[in-house]
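Asks: Produce the entire structure from the sequences given, and follow the hints as far as they go.
Heads up: the protein sequence lines correspond to chains A and B, in order. Okay, so the first sequence: first residue is 20 according to the numbering used here, each after it adds one. Okay, so the second sequence: first residue is 1222 according to the numbering used here, each after it adds one.
Calculated directly from the structure, the hints in this document are not laboratory data. Computed from a predicted structure; not experimentally measured. C-beta atoms are modelled at their ideal positions from N, C-alpha and C, and glycine is treated no differently. Just to be clear, a hint being listed does not mean it is correct.
Here are the computed distance ranges between Cβ atoms for each label pair [what the hints assert, rightly or not]:
{"#": "1", "chain 1": "B", "residue 1": "1776", "chain 2": "A", "residue 2": "448", "range": "35 to 41 Å"}
{"#": "2", "chain 1": "B", "residue 1": "1795", "chain 2": "A", "residue 2": "452", "range": "16 to 22 Å"}
{"#": "3", "chain 1": "B", "residue 1": "2029", "chain 2": "A", "residue 2": "452", "range": "36 to 42 Å"}
{"#": "4", "chain 1": "A", "residue 1": "186", "chain 2": "B", "residue 2": "1795", "range": "46 to 52 Å"}
{"#": "5", "chain 1": "B", "residue 1": "1469", "chain 2": "A", "residue 2": "186", "range": "17 to 23 Å"}
{"#": "6", "chain 1": "A", "residue 1": "436", "chain 2": "B", "residue 2": "1607", "range": "30 to 36 Å"}
{"#": "7", "chain 1": "B", "residue 1": "1981", "chain 2": "A", "residue 2": "448", "range": "33 to 39 Å"}
{"#": "8", "chain 1": "A", "residue 1": "78", "chain 2": "B", "residue 2": "1299", "range": "28 to 34 Å"}
{"#": "9", "chain 1": "B", "residue 1": "1494", "chain 2": "A", "residue 2": "186", "range": "43 to 49 Å"}
Here chain B is said to cover these stretches of chain A; the calculated rule only asks that three of the stretch's residues, wherever they fall, bring their Cβ under 8 Å from a Cβ of chain B [said to hold, decoys possible]:
{"#": "10", "region": "127–135"}
{"#": "11", "region": "188–200"}
{"#": "12", "region": "488–496"}
Derived coverage of chain B by chain A (criterion: at least 3 residues anywhere in the stretch with Cβ under 8 Å from a Cβ of chain A; other residues may be distant) [as the list claims (entries may be wrong)]:
{"#": "13", "region": "1376–1389"}
{"#": "14", "region": "1476–1485"}
{"#": "15", "region": "1803–1811"}
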Amino acid sequence: MAPLAAMNDPLHDPRAWVTQFDTVAATQAAIAQLFPTLDDVHRVIPSINTEPFAKLPTLNGRLVRFRGMVQDTSLSPQVYPPVATQSGTWTDALPNAILSPATQFLSYGDRQPIYLVSVPGEPLSAADLAYPSDTLVGPTKAAAKFPVPSAPHQAIAAKLYSPAPIAPQIGQVVEVVGVLEVESDVPVTVHVMWACDLTKRTVVDRPTDVAQARAKLVRYLASHLRGDEAAGAAGTMGIVAAAGLRAEAVTKSLHEIRVAAAWSPLSRDVLLKDVFAPRAALLAAQESAPAASALEAAATAEQIMDEPEGILAGRLQLAQGSVLVVDETAMTEWKLNEHALASVAQAHVLPCEFPYSRVDLPINYAIHVVSESTKLLVPCQVRVPLAPESTTTEPQPAPLDAASAYLSWALSAPACTLGDNAVAKTIEQAYVADRQLAAAAGASSSASGGVDTCGREQPHWQLTLARALGRSRGETTVTMNM
Amino acid sequence: MANAAHVADQFSEQIGHVFCEFIERFIPPQAYMDSEWTDPASDPAGAGSNVPLDRLPYLKQVISLPQVQSTTLMVDFRDFASFNDMVATYTTQHYVRVEPFLRRAVQTVVQKHVPHYLYKAASTNFGTQAAEAVGNVDRSGPMRDFWVSFFNLPKVSRLRELRGEHVGTLDSLSGTVTRTSEVRPELLLGSFECAECQTIVHNVEQQFMYTEPIMCQNPTCQNRIAWTPLLTQSKFCDWQKVRVQENPNEIPSGAMPRSIDVILRHEMVEKAKAGDKVRFTGTVIVIPDIAQLAVPGHKVEAARAPAGGRAAPGFAEGVSGLKALGVRDMGYKLAFLACHCLPESQKNAWADATDAVDPAAVAETMTAEELDELREMVADANIYNSLARSIAPHVWGHEEIKRGILLQLLGGVHKKTIEGINLRGDLNICIVGDPSTAKSQFLKYVATLAPRSVFTSGKASSAAGLTAAVIKDEETGEFTIEAGALMLADNGICCIDEFDKMDIRDQVAIHEAMEQQTISIAKAGVQATLNARTSILAAANPVHGRYDKRLTLRQNIAMSAPIMSRFDLFFVVLDEGDDNIDLRIAEHIVNVHRHRDAHLTPEYSLDRVQRYLRFARAFQPQLAPDAAALLKQQYKELRAENDHKSHRVTVRQLESMIRLAEALARVHCDETVSVAYVREAYRLLKKSILTLESSETEIDLGMEELALDDRPGDEAAAAPTVDAAAMDVDEPATAAPMAAPAAAAAGRAKLQITQDELHSMTNLFVLRLQQARGDAPGDAADDGVRRSDLVQWYLEQVEDLIATEADLAMQQRKAELVLRHLVKKAGVLLQLNTVEFRRRRRRVEGEAGGEGAAAAGAEGGEDGEADDEDPFLVLNPMMNLDAV
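Replies: Spelled out as structure tokens, the structure:
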């Protein structure tokens, strides 16, 4: 194998050298040998993550890399002639009489297309683009495949050739290297030759001193979140509801410590029921769409008609290890998919409904609810109250690496289980006491004489919060001091 | 070229011969047990010499093909493998290559044993029959094609396991059918006439696309493009395409379900319905992606926004356009060509609601162990309540709702009038209630329990999503119907959450489905009436967030009268505070979190409930004469009571009562609807009707020690409050088992008063307490009034209503209970803490004088006891008096 430096020229046109290898597997092996580490990949291969659209055709046929979140794995598998590079081009032509016994051509290679998008919530400023006036993927046609509405992003169809270098899972953050194909009538495609699961790579060992790492992060967050220590501590728990904060502030503070945090103004106030809506649900949604968004609805419908299998992104489809900041205050009551959000927060699964079946998709990201305590998403008793005037703490510098490492570890740590009977009894008693209080306060305003803010969801949330707190402290069971 | 010799596929020919032998000579292993005849292995003459035909299943099947008018030989692959393992393995690996030879083998056997069936009738049946009658074979018609359908392959592949290496091999896959196309003819072998020289080219094989001959066989012609298909000389077969989605339990963690098109031919068409879990046997094929060829792709174009400004709408798309989904760039796709399809879910599916099914036939599908369990359940005297408690065990309480859901799962009996009009047997239920009262949990549970059930949300569903949508077929461009939730739940249950959030126009769209159980669609040139024989289980939140008891149900939920009348039962769930219940709920939830499923120990497991439901649904109970008479009488009573009420009792309620009674009979696996069932149905319905009329709603004051009942004597005698727990399966036909619990129930009946009465009493007490506060001086203003004084004062106010001692006792008890209700549930009044109050009073009195203080101290203990019995009541300072 030629040394890396000697490959510089051929890298500009991989078709010239991949033909050296008979099969895709051999090519993949060669690539893996060339780039044993991620740093090698980053040093040599150009990224198309922030590549302006106009420049992409110039990279056609070149080796490129893309870092993104796996958005869709439901696309149909494909077959191809096993010697893919004989013609020197990446076409998919198969002989016509493919099944005729006379041809004896009954051997195919497999590849699996997956859909990758930029990691939702990762800040992408104009400065990141070579041409600031360019946008990546626009807000209409491909928007339904990106969880954050109207946000600029990049998207590719990555084709994984068998044996696939990674086992793609929805929400996974991956980096792929492959040959870029930009041609008319086909989508932007990367024929993957090397791939890396970044989620696995970033799993870090337990910090030597969890308490110290946590304290450091709390101090930083507290200084940004109106100086309240409780809010800072809550920020490390995975699920938290905080009153009196602004979603932008939370998002910004998380971005500064390189945590992907997705937040949007939620102008339409809807988290769709079907987060990954299959075709039927979207057809229905499209039919009932208001006239104002007719253009968008038409584009969405066209997309749905084109791809009956593909799943579309909802706002709850985020990458592993990121944080969803939900501004409950800005939402219209009854338009929020509170069931899905509660499911994500409490059971760490996202229920996706398909005709005749339901798939519980495991997710692993944190939720930070910002609220004025007026809605019912999170019961008021599990909120972290914030005093608006407490803004005295000096902003702390972002503890970049330590905070990221701690958060990565905390979010991937095993779940914290409930402790002994005393903990259970305490939670039960707390629920009854909360109900009594809520009943006394709510009786005057509620015609039914019922309890306004403390329903059966309350203990679920309370348990979830206690577990999250335990996890953030590195505990395995919930104890009385949580 | 025309004279080129055909290359014989010797190996496949041999496979064909072995298959011929298999059909003629295969004897199942169990047949060897009976040795009256010679073992064929030692019989050089082979089959037919001395083996009875009964022992040769495949030969028998071939011979019976004409009787059943079939051309497909069903072959259990295990039999084939046991006959010749090597050939079976080769067949698996090279199925596409071997398959024509297997079919030819069947043709050979047919020719040998039933030669007259080899050819289709040339002109009329009469001609054929005449030929058969004289023992001749009419060869004038076209030759029949025969097919081989393998099943019971040793391995069933998962959908996502199908790869390139599976192309052309015999495989089995399992999945859920999500869409079916209509049945169309498919051209298998085409005959074409050359437009230049009229030469006819026969048997042009069609490779999953319309394929014309490459070149005219006439050496002087050379035509390659001008062909006329000869339809009469071409061979067609039935064709249907179904879309199959991966089974949920086969999807790896973090992945989404995959789908594949399955092509069914000839007798396999129409075997699978949308929603069925089906096992297909066949082969993976690679077919041209017609949709891709037909639809031009989205061009990848550079788009740059004007410098310094925002991109124009629609101009800012980047590299990822409409075709960014990664599959359209290929001209070929994987599909599955099935030779056999077996709906797997049949085992657990409910029988078609409109078909009469014998319970014994259902029982036959169960194993001995399952049957024992079923017998045990049928013998359970308390099956009604045991089953109800086994419904949604993770939800604590709500027994009445669970009973309703149980009856819905069983349903009433479908009937058809002489005019052919269907009368639905399905029960529709609506649960209305405060947020966070486990409504959705019920829906989700039912969606899991009932086969062919669909869970959907009114928030995300439009009329088209619920009923049916007309969409354009990708490949043909024709408009076809895509099933909505109600159609998908045909013969099942459609659970609609957030029903109140549904647009009113969309609600109207399901009128027809709820009563007629059909969906009519007339859109884009498509006109159809489709079955939607489904029960609807809906959950709705009150319009103002919380249920307001002062308003009617219709005012509480935004639902039109026609829709409301189509629900058989309404359940209102209120989130009212009660310490004991709250503690039980908290314990339940914490235990579920701690011990997961181990904490949930329902009397009957999900599987047992499912089996019992399937069995019980097969019963078609009929009304007993006395039950029919009681029904009439109760309907009459309901109508009579209905005169001045807001909710109109119509014949729909009578039908509901019949359905409920029939469902109750099914619960007990009873062929007769007895009086006992009618009474329980009446109780449930009456409760539901009362729910609808809030001004008449009885407020349950919830004091179990009471022995009062404010209903008229005759109504109480009719025992509508019969304790359902006493429903006795052993003596269902008599009312006797109901009488004893009825008497017992009367002993612990609860005091119930109307909402209006409660309001007026509340107002009286509030006024009295306000008055007392105004009259009292200084600190004493907060002391309140003793409960006994308030009761006494109330009795004075209602003096006119008291004629006898019994009236007095009842009014007194009513006042006491209303006061307790206002303290404990409504929170309008507060009961002063006795210890604190005594201390305070002693302090006040101590300040007034030392002697008095000492005396008060001495009396303290007695006071305390008296306070417990007769506490001081004050107005809740947090109460908004305007709201009372």
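Asks: A separate judgement is required for each hint: does it hold in the structure or not?
Replies: Hints, one by one, checked against the model:
1. Taking 35 to 41 Å as the suggested C-beta distance range, the pair residue 1776 of chain B and residue 448 of chain A conforms, at roughly 38 Å.
2. One distance hint, 16 to 22 Å for the beta-carbon pair residue 1795 of chain B and residue 452 of chain A, holds here, with the actual separation near 21 Å.
3. Between residue 2029 of chain B and residue 452 of chain A the CB atoms are about 40 Å apart, so this pair conforms to the stated range of 36 to 42 Å.
4. In this structure the supplied range 46 to 52 Å holds for residue 186 of chain A paired with residue 1795 of chain B, their Cβ-Cβ distance being about 49 Å.
5. The hinted window of 17 to 23 Å between residue 1469 of chain B and residue 186 of chain A holds, with their beta carbons roughly 19 Å apart.
6. The hint said 30 to 36 Å for the Cβ distance between residue 436 of chain A and residue 1607 of chain B, and at roughly 33 Å that hint holds.
7. With their beta carbons about 38 Å apart, residue 1981 of chain B and residue 448 of chain A fall inside the hinted range of 33 to 39 Å.
8. Checking the proposed 28 to 34 Å range against residue 78 of chain A and residue 1299 of chain B shows it is violated: the Cβ atoms sit about 56 Å from each other.
9. Residue 1494 of chain B and residue 186 of chain A have their C-beta atoms about 34 Å apart, which leaves the hinted 43 to 49 Å range violated.
10. With a threshold of 8 Å between beta carbons, the proposed coverage of the region 127–135 of chain A by chain B holds, since 6 of its residues qualify and at least three are required.
11. Counting residues of the region 188–200 of chain A whose beta carbon lies closer than 8 Å to any beta carbon of chain B gives 4, which reaches the threshold of three, so the coverage claim holds.
12. By the rule of at least three residues with a Cβ nearer than 8 Å to a Cβ of chain B, the coverage given for the region 488–496 of chain A is violated, with 0 such residues.
13. Beta-carbon proximity to chain A at under 8 Å applies to 7 residues in the region 1376–1389 of chain B; the threshold of 3 is reached and the given coverage holds.
14. With 6 residues bearing a CB less than 8 Å from a CB of chain A, the region 1476–1485 of chain B meets the requirement of three and the coverage assertion stands.
15. Coverage of the region 1803–1811 of chain B by chain A holds. Counting CB-CB distances below 8 Å, 7 residues qualify, and the rule asks for three or more.
In terms of the numbered hints stated before, the structure departs from hints 8, 9 and 12, listed from lowest to highest.
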